[in-house]
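Enquirer: Residue-level listing of the chains:
There are 2 protein chains.
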Amino acid sequence: MSNDDFPSPAARNHRILILGGGFAGVHVAMHLERLLTPGERHEIDIVLISNENYMVFQPLLPEMVGATIAPQHGVIPIRRLLRKTRVYIREIQSIDLTAKTVELSPGFQPHTKTLGFDQLVVCLGSRLDFSKVQGMKEHAIPFKYLGDAMRLRYEAVRALEEADIETDPDEKQKLLTFVVAGGGFSGVECIAELHDFLAHAISAYRNLKKSELRCVLLQSAERILPEVDPVLAQYAHQILERRGIEIQVNVRLNAVSADAVVVTSKVSSDSKRIPTRTVVTTVPSAPDPLVSALPCERDRAGRIIVNEFLNVPNYAMLWAVGDCAAVPQPDGIMSPPTAQHAVRQANTCAANLLATHRKQKQSKFLFTGLGKLASLGRYSAVAEVMGIKMRGIPAWMAWKAIYLMKIPGWDRKVRVAIDWIIDVILPRDIAQLRVHESDSVHQLFFNKGETIFKEGDFGDQLLVIVKGEVEIIKDGKVLSSLKQGDIFGEFALISDHPRSAQANAKTDVHSVAISREAFQKLVAHLPGVRPTIDSIMTSRGYKPPEVKSLDKE
Amino acid sequence: MSNDDFPSPAARNHRILILGGGFAGVHVAMHLERLLTPGERHEIDIVLISNENYMVFQPLLPEMVGATIAPQHGVIPIRRLLRKTRVYIREIQSIDLTAKTVELSPGFQPHTKTLGFDQLVVCLGSRLDFSKVQGMKEHAIPFKYLGDAMRLRYEAVRALEEADIETDPDEKQKLLTFVVAGGGFSGVECIAELHDFLAHAISAYRNLKKSELRCVLLQSAERILPEVDPVLAQYAHQILERRGIEIQVNVRLNAVSADAVVVTSKVSSDSKRIPTRTVVTTVPSAPDPLVSALPCERDRAGRIIVNEFLNVPNYAMLWAVGDCAAVPQPDGIMSPPTAQHAVRQANTCAANLLATHRKQKQSKFLFTGLGKLASLGRYSAVAEVMGIKMRGIPAWMAWKAIYLMKIPGWDRKVRVAIDWIIDVILPRDIAQLRVHESDSVHQLFFNKGETIFKEGDFGDQLLVIVKGEVEIIKDGKVLSSLKQGDIFGEFALISDHPRSAQANAKTDVHSVAISREAFQKLVAHLPGVRPTIDSIMTSRGYKPPEVKSLDKE
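The listed protein sequences correspond, in order, to chains A and V.
Using my numbering, you'd call the opening residue of the first sequence number 807 and step up by one each time.
Using my numbering, you'd call the opening residue of the second sequence number 807 and step up by one each time.
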């Protein structure tokens, strides 16, 4: 099939390639391993491609933020679950349905790798869509992967550390304000655990009081937890408010900057600014670019349309499972993006992959969901399980029991159970593990009217305006007005003096920031990047690509 | 004292400022807290400045690599230990002994912060010295901080993942070779735990065999563990060799690249290359730049010379404790850089800080060490405790018992003990937590003769030569020879095609690499960096700084 087919034994003449190492993908492979007859094991080659070597157990993500469980215990190493599958830890670059190949990104060596397939299962999940809100990509912490949970934890502790030594009361309040956008399952569980953690951790800080903490949940719909019964949602709302969490419903998130969020009421259309240093986003999702690039039909949300067999119409060798697929249930509605649905879809798909190979009859996807669970942090939850509504401690116990049961592998069950027990007796961990370093070249967004830097500030970065206008102000006078393509903030970096003037965003401003350290390397080693590259490329006989010259604007 | 003295109550007219949140600094503060009388608590302000909000329990660092304990359990949040000390989590920018102030780097807001002091305790430890070996800074993983241990763990799992799917046998062997430089305590414990972990984890990889694993320990002295009795060192040597670890003594590490290390025998002066993707360095240490900048006297290793009271001669308000200080023992030799010495020094120093304030007599540092312990991984160790030599299981048990006792705080003792118990029953964790992302602008070193990239490779970065020469080769012919200041590798980035030619290091090459992503941002938004900045600065009335033009070379 491909030139890189080691170590697939030549005898294995049928390859099932699974894209994605989430719940869906791993369960397709697990189920295939179970269903294969000994004869088929020599014939069929199961290959799974994943970005990470572990699968995240999503329901435990909020507990990783809250430090109820250790971050590594909420993930399961894929290789411990799959013993007969070949696992590639690589990013996927492209899918070619005609050639029946998938191209993988390079590893240590700068070679891409091509893998062929006979049947392809797409389990690429969904991504967070940052495009709807200005500044969200630059400044909000997403809440989807393990790295996100660890980063949120780090940022939350960092905010407490800074607040403890902050002398400016406004800045202190900003540091102690935490905003979660999205009032669905994920947002509610996130703010509940985050608030628990902060309320607990704050006792270690001498200059902070629990009453100074402000946790805000933003929800665009009329109520939180639209997924569950209104009575349960109302109960959850009350529990969270009683703990001191501020819930704002019917609001739209307009913009996020390093300093604040701007929200608009859907009722009154009034806008207001909530000053904060920590914003988490749990909404909304967008399809993976690889899914969008497939030639098959997709629904409005960008999900691959499959039939009740999980097969993609008109593509006999193509299957889709999980959040990236629009899977019809027997009741006519589409499967929601939850783990319980992904696992059942995976089982049906695995059976049908083999049925295709065996030329047998395919089975239909018949699952319609067992129930819904949302944890509200310590000792509370809401649940609807097989028609029974629960709340408070019984729901919380059901939550713990059900998810402990669902964690694949004994190893993880034991580790998570021990973490839960220890959490009851020992204080929460406030060690601030540094996991996220902002890149030396990154994007920043500023709201109209926001101060970008003040005179006397430390010169930490140089900025280039990508879109918008900036005013440089000194002694109350506008020294200059800068626009697209202009650079500012370089003097403090080159001279090592503090900022000599103030910079304000005259309009909304999108910019690229280059860190002090990277800038100094670039200046020292890369004189006149563009002209140099142009002339070198010209001298080597290549035509430099067209880049709009911003110098002349 | 300073303009930023919140929240020190005005009544507290004596401030003791401790620089550094390691063993030494935290123990000075802990002991001060214990010694203060209720009256003094209102008078004396204890302030500690640390880069991280936790203290690393160094002896457990190798176990964090080996996944015997969870990384966060080997660190202790400083605030849990210090209840009466103000803690600043900031980097220190400068120390001014004349003005009696210390300047801290900015936090969320770009302001530096100035803190005054009456007495200053320097506990800044030591840094790793990368300057002695070419390429070490760029390619070796240091082994000193928590982040280093987590990064080593990540890189080790990444190497296994890549080896499992590698089709080229040479590349596979390179991926399965792990080199630790330094045969002292730290290097020996690191390779023992790393080997344990790899030997255990490799069973999860279908295409890897334990026999393919190569772990190499490099030691420049005649034997490993020069700190302990030769008989115990010999025992440790045999234990490690029996497990399959290769020990090379009397060798000097000459160079490290992304591909290999070059070592020279001190006996025969022969050099050889060990192809490897993972190199750890535990040698040697250098003073912190802040320590080097102090006007006081230092020894040859750059440590601050103190008297037997831990006070710096001629600076009554200045004290130094731990690895950054040259502390004389009653037996005439200098205190070695171990935790047990740091803790005793801290106690003496704390007592003398108060004695100075109380105008009482100072006490002398009288400790000479209780013993030495080195863990050799599972069920083995060597130890010399109060004159008694131990090895094997008894030494291993002594190691566990002594360090469990020494971990400050019940919380951590319980967590570490549980980790140790779980480690006996459950498999080691191979989840590959991503903690280290290489920066978008970083340095690379290539050995003379090394291939920088091959024709057909994926264009992942652009390179600028800082020192050395590079040849561009196609079809066996040298197309061009590049030198200092020249750029190469840009075409594959701009055109999105694979590398069109091969690049070889003609000499040793130091370079700056700019990642694909950062380069694309820079090209799109930053046309002609240098001329643009020059002309903007000129137009604003500043003289651009002199930077040697590399264009004309």
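Worth flagging that the hints you see were computed from the coordinates, not collected in a lab.
Treat the hints with care, as some may be off.
Once the Cα atoms are required to be at most 25 Å apart in a straight line, the calculated BS3-like pairs of lysine-lysine come out as [to be verified]: (1) Lys1273(V) <-> Lys890(A); (2) Lys1254(A) <-> Lys1273(A); (3) Lys1254(A) <-> Lys1212(A); (4) Lys1212(A) <-> Lys950(A); (5) Lys1219(V) <-> Lys1219(A); (6) Lys978(A) <-> Lys890(V); (7) Lys1078(V) <-> Lys1312(V); (8) Lys978(A) <-> Lys950(A); (9) Lys1273(V) <-> Lys1289(V); (10) Lys1312(V) <-> Lys1015(A); (11) Lys1273(V) <-> Lys1260(V); (12) Lys978(V) <-> Lys890(A); (13) Lys1219(V) <-> Lys1254(V); (14) Lys950(A) <-> Lys1312(A); (15) Lys1289(A) <-> Lys1312(A); (16) Lys950(V) <-> Lys1280(V); (17) Lys890(V) <-> Lys1016(A); (18) Lys890(V) <-> Lys906(V); (19) Lys1280(V) <-> Lys1260(V); (20) Lys1289(A) <-> Lys1072(A); (21) Lys890(A) <-> Lys1078(V).
Take a look, some chain A residues computed to stay more than 10 Å from chain V by CB distance [as the list claims (entries may be wrong)]: (22) His837; (23) Arg840; (24) Glu858; (25) Arg892; (26) Gln915; (27) Glu977; (28) Glu1028; (29) Asp1035; (30) Val1037; (31) Ser1075; (32) Tyr1121; (33) Gly1193; (34) Pro1233; (35) Phe1264; (36) Asp1266.
From the three backbone atoms N, C-alpha and C, an ideal C-beta is built for every residue, glycine too.
Enquirer: Compare the structure with each hint and give your call.
Expert: Results for each hint:
1. Lys1273(V) <-> Lys890(A): Cα-Cα ~49 Å, so violated.
2. Lys1254(A) <-> Lys1273(A): 12 Å, holds
3. Lys1254(A) <-> Lys1212(A): 48 Å, violated
4. Lys1212(A) <-> Lys950(A): 19 Å, holds
5. Lys1219(V) <-> Lys1219(A): Holds, at roughly 23 Å.
6. Lys978(A) <-> Lys890(V): Since the Cα atoms of Lys978(A) and Lys890(V) sit roughly 21 Å apart, the hinted pair holds (cutoff 25 Å).
7. Lys1078(V) <-> Lys1312(V): Measuring from Cα to Cα gives roughly 18 Å; hence the hint holds.
8. Lys978(A) <-> Lys950(A): 28 Å, violated
9. Lys1273(V) <-> Lys1289(V): 7 Å, holds
10. Lys1312(V) <-> Lys1015(A): Cα-Cα ~63 Å, so violated.
11. Lys1273(V) <-> Lys1260(V): 21 Å, holds
12. Lys978(V) <-> Lys890(A): Distance ~21 Å between Lys978(V) and Lys890(A) Cα, so the pair holds.
13. Lys1219(V) <-> Lys1254(V): 50 Å, violated
14. Lys950(A) <-> Lys1312(A): 34 Å, violated
15. Lys1289(A) <-> Lys1312(A): 10 Å, holds
16. Lys950(V) <-> Lys1280(V): 43 Å, violated
17. Lys890(V) <-> Lys1016(A): 19 Å, holds
18. Lys890(V) <-> Lys906(V): Holds, at roughly 22 Å.
19. Lys1280(V) <-> Lys1260(V): 9 Å, holds
20. Lys1289(A) <-> Lys1072(A): Violated: Lys1289(A) and Lys1072(A) sit about 33 Å apart, past 25 Å.
21. Lys890(A) <-> Lys1078(V): It is violated: about 40 Å lies between the C-alpha atoms, which goes past 25 Å.
22. His837: The claim holds: His837(A) sits with its nearest Cβ about 19 Å from chain V, beyond 10 Å.
23. Arg840: 17 Å, holds
24. Glu858: 7 Å, violated
25. Arg892: 7 Å, violated
26. Gln915: Violated, because the least Cβ-Cβ distance between Gln915(A) and chain V comes to about 6 Å, which does not exceed 10 Å.
27. Glu977: Glu977(A) is in fact no farther than 10 Å from some Cβ atom of chain V, at 6 Å.
28. Glu1028: It holds; Glu1028(A) is separated from chain V by about 35 Å at its closest Cβ, greater than 10 Å.
29. Asp1035: Answer for Asp1035(A): holds, closest chain V Cβ roughly 36 Å.
30. Val1037: Val1037(A) is indeed farther than 10 Å from all Cβ atoms of chain V, at 39 Å.
31. Ser1075: Holds, since 32 Å exceeds 10 Å.
32. Tyr1121: 27 Å, holds
33. Gly1193: Gly1193(A) clear of chain V: closest Cβ-Cβ about 37 Å, beyond 10 Å.
34. Pro1233: Its Cβ does come within 10 Å of chain V, the nearest being 6 Å, so this is violated.
35. Phe1264: 4 Å, violated
36. Asp1266: 5 Å, violated
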